[in-house]
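Line by line, the protein sequences give chains A and B.
Plus 56 on top of the position in the first sequence (first one is 1) and you've got my numbering.
Plus 56 on top of the position in the second sequence (first one is 1) and you've got my numbering.
The hints are simulated quantities; they were obtained by calculation from the structure and are not laboratory data.
Keep in mind that the hints are not guaranteed to be accurate.
The list cannot tell twin chains apart, which means a pair is met if one copy fits it or any two copies do.
What the hints assert, rightly or not - Computed list of lysine-lysine pairs in BS3-like fashion (alpha-carbon distance at most 30 Å, straight line):
(1) Lys246 to Lys217
(2) Lys209 to Lys231
(3) Lys72 to Lys117
(4) Lys209 to Lys197
(5) Lys275 to Lys209
(6) Lys246 to Lys305
(7) Lys217 to Lys127
(8) Lys305 to Lys237
(9) Lys275 to Lys138
(10) Lys305 to Lys254
(11) Lys275 to Lys103
2 protein chains.
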Amino acid sequence: MQDSKEYLDKKAYFEKIITLYGRNVVIEVLQDETIEIHKLHMSNSNKTDGAVETILSLAKKRGIAVTYHEKNALSRISKNAKQDQGVAIDIVANSYKNAKEIKNLKSFKLLALDGIQNPQNLGMIIRSCAGGYVDGIVLPKKSSAKISPLVIKASAGTLFKLPIYYCNTLDEVLKDLEDTKIYLLSSHAKSSIYDVQKSDRSIFVLGNESDGVSKEVEKLCNDSISIPMNRGVESLNVAVTASLIAFMK
Amino acid sequence: MQDSKEYLDKKAYFEKIITLYGRNVVIEVLQDETIEIHKLHMSNSNKTDGAVETILSLAKKRGIAVTYHEKNALSRISKNAKQDQGVAIDIVANSYKNAKEIKNLKSFKLLALDGIQNPQNLGMIIRSCAGGYVDGIVLPKKSSAKISPLVIKASAGTLFKLPIYYCNTLDEVLKDLEDTKIYLLSSHAKSSIYDVQKSDRSIFVLGNESDGVSKEVEKLCNDSISIPMNRGVESLNVAVTASLIAFMK
Chain A
57 MQDSKEYLDK KAYFEKIITL YGRNVVIEVL QDETIEIHKL HMSNSNKTDG AVETILSLAK
117 KRGIAVTYHE KNALSRISKN AKQDQGVAID IVANSYKNAK EIKNLKSFKL LALDGIQNPQ
177 NLGMIIRSCA GGYVDGIVLP KKSSAKISPL VIKASAGTLF KLPIYYCNTL DEVLKDLEDT
237 KIYLLSSHAK SSIYDVQKSD RSIFVLGNES DGVSKEVEKL CNDSISIPMN RGVESLNVAV
297 TASLIAFMK
Chain B
57 MQDSKEYLDK KAYFEKIITL YGRNVVIEVL QDETIEIHKL HMSNSNKTDG AVETILSLAK
117 KRGIAVTYHE KNALSRISKN AKQDQGVAID IVANSYKNAK EIKNLKSFKL LALDGIQNPQ
177 NLGMIIRSCA GGYVDGIVLP KKSSAKISPL VIKASAGTLF KLPIYYCNTL DEVLKDLEDT
237 KIYLLSSHAK SSIYDVQKSD RSIFVLGNES DGVSKEVEKL CNDSISIPMN RGVESLNVAV
297 TASLIAFMK
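Extracted from the complex, chain A is given alone in its bound form (with noise of 0.2 Å):
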């Protein structure tokens, strides 16, 4: 039987590795050496061209294992049967971290993603917020962007520089924290983003591109702020929104 502190280990080893594939994609993960690479998966189909050899040697160069598949077990793993094309890389994300650790920190201020589905606008965000003021981004794996290529190439190469704290849903975090400031933007907040006291513990939630934040989500919040607008303008990009949060002293 396997020892549990080891288990446990390996769990949270996993639960930090991402999946991404393609040729090209596999080809810029495997030439940015600040990405921590586990695994290059291949089909034992591909047929030896120049992105493949490409591939191989950019791997060997760096000492990286490379498994061989039947192609039906590569689909299984990339999850993208139509546009693997043959390989996938399992790359380290040592910025993630379970969002049950929240609640153990004495002090800081995060911004939570409720359903951001646009890659670029992730990217953006988690651009923003690691050269910000902000100590990590909240991101539930139901119903966000997943972390893609279009992400990495939007977050220009900061995606691993702050923590990122995954969870399945948002409410799950949110119901755990006590002594915390949960803050909900809404255009309907009588406060605004000027107001904002600094506290120990702060979340600044961030809806969705169309819907907002969800109703489950919304009654978890404790507080609202705005953004004060000019000229009738209803709404900014979710990413500009994060941005002016991050940057806010």
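Position chain B relative to chain A; hints supplied.
Frame of chain A; chain B shown alone:
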């Protein structure tokens, strides 16, 4: 001989006209009542199908003049024979102003864009500036993205809400301005956006996504500021940078 006042009025009117093309775009524009339309152009080689019928009935409903052209003439209007699909539409950008007017303004806070090429970024910048605390955008015709359907989409209906000062090049505008703080956004600057003192006349110059501000324009700036960043992040998306400045109070 034409009266010069009338001629100049006409010239000013036509400088505000933006021509868009393609069937879906034209339908979207016609459906948006906030967009003033000068004229609809149709190729007389168009076969009457669902899209053409929709376009003509929307134009009729709004009382918009329709002009028919030979296919080649239509392409000269759209300037994109491959994608115009035999339809083009002139929209009136009433928010467009000649940048020569700036020097006559008593006070202003403007954002000047030097070579922003990405239409989504341009649209987001317009949206944030329209909602934010900025009096307008200075947009050079040379080296910038043109107003296009992608820009309009990213601006989320805010395109004509704030003045856009057009010019050929940015340096011809900046070199004419006296008593104006012209800020270069630069990661090397000692002062930061958090230190900016309000001044009566200020312009914030933002550069191209990859190359930054051009040398000619940089020379005309008389101050520089940075956005201080954490975790070794080198830069933000240019639309995010613009938004942070737009929402500085």
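Return the numbers of the hints above that this structure violates; sort them in rising order. Result: hints 2, 5, 7, 9, 11 break, sorted rising.
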